[in-house]
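4 protein chains.
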Amino acid sequence: MPGVPPTRFVFLGPEGTFSEQALKSVPAADRGVLTAARSVPECLDAVRGGDADAALVPLENSIGGQVGVTLDELAGGEPLMITREVVLPVQFVLAARDARPLDAIRSIAAHPQAGIQCRDWLRTHTPGASVVDVLSNATAAIGAAEGEFDAAVCAQIGAERYRLHILAKDIADNPDAMTRFALVSRPGPPPPPTGDDLTTLAVYISHDRVGALLAVLTELSVRGINLTRIESRPTGERLGRYVFFLDCGGHVADLQMGEALQALRRICADVRFLGSYPRADIHAEPPPRPAPGLSDADFADAAAWLRRIRGGETG
Amino acid sequence: MPGVPPTRFVFLGPEGTFSEQALKSVPAADRGVLTAARSVPECLDAVRGGDADAALVPLENSIGGQVGVTLDELAGGEPLMITREVVLPVQFVLAARDARPLDAIRSIAAHPQAGIQCRDWLRTHTPGASVVDVLSNATAAIGAAEGEFDAAVCAQIGAERYRLHILAKDIADNPDAMTRFALVSRPGPPPPPTGDDLTTLAVYISHDRVGALLAVLTELSVRGINLTRIESRPTGERLGRYVFFLDCGGHVADLQMGEALQALRRICADVRFLGSYPRADIHAEPPPRPAPGLSDADFADAAAWLRRIRGGETG
Amino acid sequence: MPGVPPTRFVFLGPEGTFSEQALKSVPAADRGVLTAARSVPECLDAVRGGDADAALVPLENSIGGQVGVTLDELAGGEPLMITREVVLPVQFVLAARDARPLDAIRSIAAHPQAGIQCRDWLRTHTPGASVVDVLSNATAAIGAAEGEFDAAVCAQIGAERYRLHILAKDIADNPDAMTRFALVSRPGPPPPPTGDDLTTLAVYISHDRVGALLAVLTELSVRGINLTRIESRPTGERLGRYVFFLDCGGHVADLQMGEALQALRRICADVRFLGSYPRADIHAEPPPRPAPGLSDADFADAAAWLRRIRGGETG
Amino acid sequence: MPGVPPTRFVFLGPEGTFSEQALKSVPAADRGVLTAARSVPECLDAVRGGDADAALVPLENSIGGQVGVTLDELAGGEPLMITREVVLPVQFVLAARDARPLDAIRSIAAHPQAGIQCRDWLRTHTPGASVVDVLSNATAAIGAAEGEFDAAVCAQIGAERYRLHILAKDIADNPDAMTRFALVSRPGPPPPPTGDDLTTLAVYISHDRVGALLAVLTELSVRGINLTRIESRPTGERLGRYVFFLDCGGHVADLQMGEALQALRRICADVRFLGSYPRADIHAEPPPRPAPGLSDADFADAAAWLRRIRGGETG
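Residue numbers (this note's numbering), protein chains in the order written: chain A, 1 to 315; chain B, 316 to 630; chain C, 631 to 945; chain D, 946 to 1260.
So here's chain A without its partners, still in its complex pose (with noise of 0.2 Å):
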């Protein structure tokens, strides 16, 4: 129900995962009941069906890239909304049944993303293990808990929650790497503006038009949008054609935003609103400032100006 904080929240599995920890950055989820699923469908799905009141999803990581399945689940399906964005910095430890030198170590589970962003530190501490491939992060950590293997690259939460023992911290090699997750909800008014909100949507480009994609960024530039994500997934049909999930900087309720989202509406073969939300604070950048003529001041001004001007005043 809107204005009702949610209380049956789920996220995806494993429990010991980054999403288990991004949930818990969330402060209603700490008067909450959360469960775990098996994959983002199975998250999404138990939102729209109402065994939940929100999901916690992965939407992209700053090395991996985004998160196919959710963007599908999103621009498909019974529609869902975003009201929350959580973005969590990426902090794999490596962790043991117990206490061991890391020359000791011969086989390291990690899911492949994680061995891709932990590779150099691998190649340096632990050159004469070898790194085997499982399928999620709490896998690993599962793995090396019952000594399938000597070590895991996990999350912290998975560490402790198979109680497995931290030889090393923060073991990616880009410090900087982050991962971004949607809070996701059955549709309903979205939270109020902050001043400094995104609006995520995805939209269907028609076939029919040359230069449909440039026709969907002017709309959003003439307006003063910023754009801070574009993505694009095929739409399943053939090779070709596809979705973009655009992340806006701006709020439904603005001004500027309601003119770009009637545009798009109007030119695209179909646009899905999926949320207006407050920007995590985590985004190192601030907004930029808008260019003369398109701050929100300059869009009431002149909406005040057309009033006048239609009602035979001279402007």
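Worth flagging that the hints you see were computed from the coordinates, not collected in a lab.
One or more hints might be untrue.
Stated by the list, open to error - Partner residues are not named here, just some residues of chain D that face chain C (Cβ under 7 Å, in silico):
| hint | residue |
| --- | --- |
| 1 | Ser1130 |
| 2 | Gly1133 |
| 3 | Glu1164 |
| 4 | Val1167 |
| 5 | Val1197 |
| 6 | Gly1203 |
| 7 | Leu1206 |
| 8 | Phe1218 |
| 9 | Gly1238 |
| 10 | Asp1241 |
| 11 | Ala1247 |
| 12 | Leu1251 |
| 13 | Arg1255 |
| 14 | Gly1257 |
| 15 | Gly1260 |
All values reported here derive from a predicted model rather than from experimental measurement.
All C-beta atoms in this analysis are idealised placements derived from N, C-alpha and C, irrespective of residue type, glycine included.
Position chains B, C and D relative to chain A; hints supplied.
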């Protein structure tokens, strides 16, 4: 007063010019008082000062181009508003005090523009006559009536007023030449939309932005606003500084025109709204069909969609 | 003949006008023969027909705007090429047959444009005089010399030629007003680039394409070509059909101008190249610095890079 | 060496994957030596180091989207060049050690992507089986061959290699699904233009310019360059920083592509040219007809015209 038809009209004189002829095609002028003024500024000052309700002044000619003084007067001074356009075919006559053979004519008075527009005809039919520049079409007619010149190039109405004999009709080289006039009043609510209207603007471009004219055209183009006229005039400050006069298809009350006007208000140094009024029938070409996404229905649909998603519906 | 300086010059007469004054500022004119012609078409036909090597004609005035007849003549007929621009401050004088007090003057002859440009001065200093329209500045001077009028508004050179006494100098209301003239020759290789040149074009826009002017400006903008002037003229066919005159910063020999000209050639109904020539010093504002990626060096670097990758190098 | 067909090929293994099947469709591979590598980076490093002449790696899938690791490898490290694309229909088979009824199958090994692409088929035809994620299609086949799982979802070539019995063919839910592969070599002159080519670029956008992606698309659009693919990848620096992969219609040797590449070189932070190569036949849609002014002939005509006017001719 808005809604009350004008009764006191002023036109660019002297009597017997095309401006008087154009004014007589305005229905309300039948029952009104018509006065000639000596110049365009005098015409418009009569309206500004309340001595007349409406002025009929020339805007442009399909051969001679813009009528600079009218544009300058509309862009500057107390604001005025165009409520109607009148488009008149340019039909020059050759007239004299009495019937005489063309080869007996030695001197012909003509306004320089009229001389240019009838040059081929005069060369062919009055090869032995010299053409003398005078300051208006009516001055030419008066000169012929007073015997100063053997004949005059003038408007039909001028020949009639000064009791001249018409030696030849339709002597303009280009039979499609037309002059466009504006009926101008003090500001007030524009006439209601008819579905085929024009909106005239004077747009000052800020010199701090490269590509400012490109930006103006982009704002119109993305909203499907068609331009039927664009004229530049120097602002008088220095070479290279211009004000642009735009005639745009559509009415200030339209959704798309409202958006476009707000955009110009935001990005331009100044915009003066000069009126929305019905397009004259004589424009042979109908307005082009709007491109996909740019029809009135598309704009209305998009506005309704925005209201739904702002309210928390799924669109 | 290319490379040979012109020796026979023609200018828009009569003698004593600003055009003669402008021509005298051209170095080669010192050693040449100068002839007055009665009209702009006559000036240009003298060059076309080989009776003169170059013609000096007015292009635009910072108060009065475009000189339509010059533009029309350059866009049509046998091609001609601008090889030099001359920009002249508009400095009107009030002159009479002999010295006399201003309050003794009852009639003043003035070209209508000159009357407008000196209106405030005349109202203040000769409030008792009536201003009579005449057909040129030189006609005004002649009228004063012959005693038809008490005084004339004219150019300094006109007062000198007709041996008038100068009653007042610099009487134009706007002290910065300027007129811009073009020196026009038969087609030939343009003068070499100086690093601060202008290129003038007449561009006909195809009526089959919506947004055609937008397309033209985009082609210039993406290549960093700055516009210092844009004028529209009716093509004479019908209202709403225009040819645009563009003055662009740069020289036809430049890489970026070459690209832009090819683009206009491709997308416009017709383009007439009217010359590349040095910018006159009197333009107070230097050309703006090119934006990132749009300097001469950027264009040269990109051309070298393309050659490398076409040859199979890695760039 | 340019011009010498490659003889030593490497593909993304293990043997029995779609990459091997794709490589076998390359004519030169018939007479070459084919080696499997364990990862995309290993494939490409074999080429970079000279151990192989060409590598066959996946670029994108019409269901799963971009293959991030390939894009990242092509954008970074020692430059490489795509010389050919191979597009392969995705045709999954269900295979087992021996013929058995579908309802006897309890466990099915599948790469997660394969599982997703066959989800509906598996739900309908093997409702009683659990699908187990494994790390590659070949791993699935090996697992079935070794009896670890009852069956595998894999490529036809994988079933053959591991001597599996094919229980069902064409089990992908979307019969039009395709995967696109690139044949990659060390830099050299691209294959000659065929009239229907693609050019692949990695484009880094400078963060100092608002609207940078808009600028890139505009440069392509004004030159009639069609985009068949646009993908964004994080640069790894931080969220919100992207490199764009563009597949453009045309060849680096074309006039218009040459102009567009130079423009991107100028305005982008960096551009990596990744090759010009013939478009694969399997793209069902032919390239769109160029808009007016954008055909090869238009570009050639404009170049000839520019040469004429630079030489002093009238065009």
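inquiry  = Could you work out which of the previously given hints the structure breaks and list their numbers from low to high?
reply    = Going through the list in order, the structure violates hints 1, 10 and respects the others.
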